[in-house]
Amino acid sequence: MKQQGPELGNLSSKFFAYVQLKKKSIVRTGELSPVLGITGSQERGVYLVPPRPPAGGKYSPGATLFFRN
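Numbering that gives the first Met the number 0 applies: residue 0 is where the sequence shown begins, and numbers increase by one.
Source of the hints: derived by calculation from the structure; they are not laboratory data. Every residue gets a Cβ at the ideal spot worked out from N, C-alpha and C, and that includes glycine. You may find that some hints are simply not true.
[To be verified] Estimated spans, in silico, between C-beta atoms of each pair:
#, residue 1, residue 2, range
1, P33, A54, 15 to 23 Å
2, P49, T28, 15 to 23 Å
3, S32, A54, 25 to 33 Å
4, L7, G44, 26 to 34 Å
Put together the whole structure using the sequences plus the hints.
Written as structure tokens, this is what we have:
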């Protein structure tokens with residue numbers, strides 16, 4: 000029997016639904032708090048989001064992604 004990994008929580012599910020709907024690969028501070036209903040102190044930084052979940056759960060974006068926007 001194959002073991003399943005941990006389930007996504009409600010907040011994580013909302014995050015991924017938002018980025019997939021908006022077709023975003025980069026999410027910046029200020030975008031998520033109104034969508035997810037979190038405070039500004041909970042939402043900090045820039046998030047790089049893969050177009051689809053990578054095998055093994057590890058995401059290593061190329062250097063060009065960092066300088067694209």
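Status of each hint after checking the structure:
1. At about 33 Å, the beta-carbon gap between P33 and A54 misses the expected band of 15 to 23 Å.
2. Taking the beta carbon of each, P49 and T28 are about 20 Å apart, inside 15 to 23 Å as hinted.
3. Between S32 and A54 the beta carbons are some 31 Å apart, a value that agrees with the proposed interval 25 to 33 Å.
4. Here the CB-CB span from L7 to G44 is close to 19 Å, at odds with the stated 26 to 34 Å.
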